[in-house]
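Chains Y, D and G, in that order, give the protein sequences.
Start counting the first sequence at 0; every next residue gets the next number (numbering that gives the first Met the number 0).
Start counting the second sequence at 0; every next residue gets the next number (numbering that gives the first Met the number 0).
Start counting the third sequence at 0; every next residue gets the next number (numbering that gives the first Met the number 0).
Because the hints were derived from the structure by calculation, they are not lab data.
Yeah, the Cβ is synthetic: ideal placement off N, Cα and C, and Gly gets one too.
Do not take every clue at face value.
To be verified - In silico lysine-lysine, BS3-like type, Cα no more than 27 Å apart, as pairs:
#1 Y/75 x G/139
#2 D/242 x Y/107
#3 G/99 x G/171
#4 G/363 x Y/145
#5 Y/136 x G/139
#6 Y/136 x G/253
#7 Y/145 x G/171
#8 G/122 x Y/75
#9 G/198 x Y/136
#10 G/64 x G/339
#11 G/123 x Y/75
#12 G/207 x Y/136
#13 Y/136 x G/366
#14 G/309 x G/363
#15 G/311 x G/339
#16 G/253 x Y/145
#17 G/139 x G/198
#18 Y/145 x G/198
#19 G/207 x G/253
To be verified - Calculated Cβ distances over 12 Å to all of chain Y for the following chain G residues:
#20 31
#21 60
#22 61
#23 81
#24 112
#25 121
#26 142
#27 186
#28 267
#29 278
#30 298
#31 405
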Amino acid sequence: MKSAAFWGALAAIFAAGLALTGAVANEYYYNALYLILQAALMAIAWNILGGFTGYVNFGSAGFFAIGAYTTVALNKALGLPLPLLILAGGAVGGLVGLGLGYLTLRLKGVYFAIATLAMAIVIETLVINWSYVGGAKGTYILTPEKHLWFDSYIQMLFVVMLLLTLAAVAISRMLSSSRIGRGLAAIRDDEVAAECAGVPTLRLKLVSTTVMGAMMGVAGAPFPFFVTFVDPSSAFNLFIAVNAIAMPMIGGTAHWLGPVIGALLVGTTQEIVKVTVSSEMNVLIVGVMLVVFITLAPQGIVGLARKHLRRRKP
Amino acid sequence: MFSADLLANAVVAGILLGGFYAAVAIGLAIVFGQLDIVNIAHPAFIIVGAYIAYILNSRFGFDPVLVGLLAAPAFFFVGALIYRVYFLAFERTGQESLSGLAFFFGVMFIIEVVLILIYGVDYRLVQAGYIGQTWRIGFVDFPLRMLVPFAVSAALTAAIYAYMSHTFMGRAIQAVAQDRLALQLMGADPVRIKQWAFGLGIATAAIAGSLLIIIGPVEPSVGRLYIGRAFAIVVLGGMGSIKGMFIAALILGIVESMVATFAGPSWSPAVAFGVLALTLALRPAGLFGRQ
Amino acid sequence: MTHSRRKWLLISVALAAAAALAAPLAHAQQKPIKIGFSMALTGGLAGGGKGALISMEIWRDDVNKKGGLLGRPVALVYYDDATQPANVPGIYTKLLEVDKVDLVVSGYGTNLIAPAMPIIMRKKLVFPALFGLGANEEFKYDRYFQIMPAGPAPKLDWSKGFFELAMEQNPKPKSVAIVAADAEFALNAAEGARANAKKLKLDIVYDKTYPPATTDFTPIVRAIQATSPDIVYVGSYPPDSVGMVKAASEVGLKTKMFGGGMVGLQFAAIQKNLGPLLNGIVNYDFWVPEPTLNFPGVNEFLAKYRVAAKDKGVDPFGHYLPPYSYAYLEVLGQAVEATKSLDHSKLAAYMHKTTFDTVVGKVKFGKNGEWARTRTLQVQFRDVQPDNLEQFAGPGKRIVLYPKEWKSGNIVFPYKQ
C-alpha cells in the first residue's frame, strides 16, 4: 500500500469514528466496538513479537493487566487524567517487555513461550497479594463525570481506543516495512544465520519485546474505566491471551494487516455470538476457527488473499 | 510454630502431591520432551479422563483408577489420530513451531467448551472406599486420597521408564528426537514411531485424569491450572528425561507444601514458578538435561 | 405414511398452532413488561446462576398465569455473562439501549453486580440484587435492594452468629484460626470474622489466605492444627470447601467449632459426596427445610422447582439460592402492582418503606438496601448418612442454631464426636 493512501485511510477511519459519535447515541455499539478495538490492539502488539520474530508470548494477559493495574494504582494514588494513565501503562508495560527481551538471550522457542506463561502467573500472584489495588477482592473505579464534548464516557473511551489502535497499526506497518522489519524476519527464519550475517539480533529483539509490552500496557490502561470493576481474574483472563494469539494466526502473521483483519473478523463474530447465542459458544468459535485456519490456511487470510491474487495475475 | 512433626508432614504431603504432579507431567515428558511437540492441550485431555472416571464411577460404581486404565487404550488411539493430523498439517510442511502451538491451543478450548456444553460447569466428584481414610505412621499422616494417586503415578512412571529403556520401541522413541537419519537406517519409520509415542503420551492422560478426580472436585476448566505446572516440571526435569521429570515433580510438590505450611499458601504458586524461572535463567537445559 | 394419516397430522399441527397462538392472545393488545438482567449461565457461578434462572422463570409463569403486572404480561430478557465481570457493562447497556427493558435486576454474585452499578446509577433505576456481599458499600446507591438476608452490616453480620454461638459455649473459646480463599467473597467473609473475633477479644492464632488453584489442603489444615485454635473459621468456595472438609478429617483436626463461611456445603451434590464428614460442621446458610423456616408458598415453589430442575444439571432440591431468586422478583412485582407504575422513584420509595411477604418470609429493607435485620443462619450438620442424596430433602440434617427466632435445635459442642 502506498504511504499516502495508508495515511489517508487511517485519517478517514478516525474521521468516520468521530462522525459515528455524532450520529449514533446508542451506548451499546460503543461498548462492542471498544472490545473489538481492544482485541485488535492486543493482536497487533502480539504480532510484533510473535509474527515478526517468531517468539511466542503466552503471557499477553499479564501485560494487559500491567496496564490495567498501573491505572488502578496511579488513579488511586494521584488521580491522574486518562492520557497520562495510558502513557504510564505503556511505560510500565514497555519496561517489563524490555526485561522479557533480555530473557530471549538464554531462552529460545518453546522455553521462551513457557517463561512468558510463568511470568504472567508470577505477576498475577503479586497483584493478588497487593491489597492497595484491591488484591484478590478486586476494586471499583468510578467513571469520571467529565467526558469532553462526547455524549457519554463510553463514546470518549471508544474514540481514545480507536486512536490508539490506529497508532498501533501505523507503528506495526513502520516496523515491518523498514530495515528493522527485515531484520526481525531474518530472526524468525534463522536466528543463528541472521546473527552471523551481522543482523543485531539482540537489539532488534529488545525493540520488538519493548514495543509489544508497551502496546499491551496501553491496551490495558483504559480497561478499568471501561469495566468499572477490576479483579485479577478478569484482568489476567486467559481469554485475552488466547485472542491475542488466535487473531493474528487467523488473519496472517507475516503481514502487518493480518492481526487487524483477524481481530475485526473474530472480534465482531464474538460480539454478535455473545448476545445472540452464548458466551461459551464464543470460546468454541475461537477454538474452531483457530484450528481450522491453521490446519487449512497456515498463512491466514492475508496468505489466502495473496495466493488468490497471484493466481489471477500469472 | 516450627516443629519436627509439622516439617515431616509437610515433606510427606509434598512428596505425595509431587507424585501426582508426575502423572500429570509424564505425558508431556514424552510428547514435549522427546518429540518436541508443544501439546498445550494435554491438561485438557486429563480433564476428559477425569470426566470418564466420573461417569463410570457415578453410573456403575467402578473404581476411578480402574476406569483410567481401561480408558488408556482408547486415549492411545485418539492420540495417534491427532498426531496424524498434526503431522500432515504442520510437521510435513515445517510449520510446527508456531502453528502447532496455536493448533493445540485451539484443541484445548474446543475440548473445554464441549465438556461444558455437555456436562455444565458443576464440580464433579467420585466415590471410592479409600477416599477419606488415613494411614498414620508415627506422627506422619498418609491420607489415602493422596497416597493412592502417588502410588499409581509412581508405578506408571516406573513402567514408562522401563519401557523407554528396555524395549525396541522405547529406544526408538528416544532416538527419534535425536537422530532421525540413524533411525531410518535402522529400518524404522520415524513418523510411525512418533505417532506411537504421541498415543502413549495421551494414554497417560486417562490415568492422570482418574487420579485428579480422586484428589478433588473437577470442572471443565480446571485443566488450565495445570498447564504451567506440567510444563514447568518437564522443563525443570530436563526435557524428556523420565527420571528427571519425576524428581522435578517431587521438588515442585515439596516446595508448594513447605510454602503452604510455613509461609502462607497464597505464595506457593509464585514460589513454584520462581523456581522455574530461576532454573531457566541459570540452567536452561533443566536439572537433568541432555545439554 | 398413508394419505389419511398425513391429513390427521396436518390437522393436529394446525390445532396445536392455534392453541399456541390463542394463549398469548389474552395479552396481545398489551406490550409485555420486560425485566432485563445478566446471569452466570456458564463459567464459575453457572451452577447457581442456572438454578436462579429456573426460579425466575417459575415466577414469570406464576405472574403471567394471574394476568401479569398492571394487566400486561411479563417477559424476561437476559444474557449470559459467563461469570466474567467484564461482560456485565455491555450486557446492561444493551438491555437498556437496544432491548429497552422496563425494569432491571442483577445477576448472581458480588463480582457480577458491582460492574452493573455505575450504569444503573446513571439511569437512576431500581436495582434488586441477588446475593452480593456488601456490593453497595462503595456506591451507597439508594435504589439498591439486596435480597440476600446478610443484614445491615453484611460483612460483620455474616459471621456474627458463628462467633456468638461460640462464646455461649462452655468452656469459652479463647483462640481462633481464620483461613480464606484469595478471592472476593471469601476475603470479605474473613475480614468480617476478623473484626468479630477482635471485638470478642479472641486471640487470632492463624490468619492466612490460599490461592483458589490449591490442589491439596492437608498442609494448610496441618499448619492450622499446629496453632491449636479453639475454633476455626473458613471462608471458601465449593472446590476448596470440599478439599478443606476432606483434609480436616484426614489430618484429624482437633478443634471445638469448624466452618463458618464455606460456600458449597449448601449444595446437595456436594453434601451427598461428603456425607458423614459433614457431621458437626457449623456453617452459614439462608434456607434449609427446617420447620421454623416453613414460610407460606415456599413448599409450592420448591415443588415446581424440583420438576423444572430435573436433568438440567442444577441443584435438585433448590434450597439456598432459588427461593431468593424467586423472592427478589416477587418484591419487584409487588412494588409495581402496589404503586401501579413503572416509575423508578415511586418504586424505590415504596420498596424502602414496605415489608414484603415472599416465599422467603417477611422482607424489610434497611437504608443501605440490605435487609434491615440479619437472617444469616448458622446451621449444624447432624446425623448425615453416607451416599444418600434424598436425606437432605427433608428436615433433621441441617439444624438451625442461629438466629434464635428461627432456631430448630441446640448446638453439639465440641464438634468432634
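Evaluated hints:
no. : hint          : verdict
1   : Y/75 x G/139  : holds (19 Å)
2   : D/242 x Y/107 : holds (24 Å)
3   : G/99 x G/171  : violated (57 Å)
4   : G/363 x Y/145 : violated (37 Å)
5   : Y/136 x G/139 : holds (18 Å)
6   : Y/136 x G/253 : violated (30 Å)
7   : Y/145 x G/171 : violated (56 Å)
8   : G/122 x Y/75  : holds (26 Å)
9   : G/198 x Y/136 : holds (24 Å)
10  : G/64 x G/339  : holds (19 Å)
11  : G/123 x Y/75  : holds (26 Å)
12  : G/207 x Y/136 : holds (15 Å)
13  : Y/136 x G/366 : holds (25 Å)
14  : G/309 x G/363 : violated (33 Å)
15  : G/311 x G/339 : violated (36 Å)
16  : G/253 x Y/145 : violated (58 Å)
17  : G/139 x G/198 : holds (25 Å)
18  : Y/145 x G/198 : violated (43 Å)
19  : G/207 x G/253 : holds (19 Å)
20  : 31            : holds (19 Å)
21  : 60            : holds (22 Å)
22  : 61            : holds (26 Å)
23  : 81            : violated (3 Å)
24  : 112           : violated (9 Å)
25  : 121           : violated (8 Å)
26  : 142           : holds (17 Å)
27  : 186           : violated (5 Å)
28  : 267           : holds (24 Å)
29  : 278           : holds (31 Å)
30  : 298           : holds (33 Å)
31  : 405           : holds (30 Å)
Consistency with the previously given hints fails for numbers 3, 4, 6, 7, 14, 15, 16, 18, 23, 24, 25 and 27, ordered from lowest to highest.
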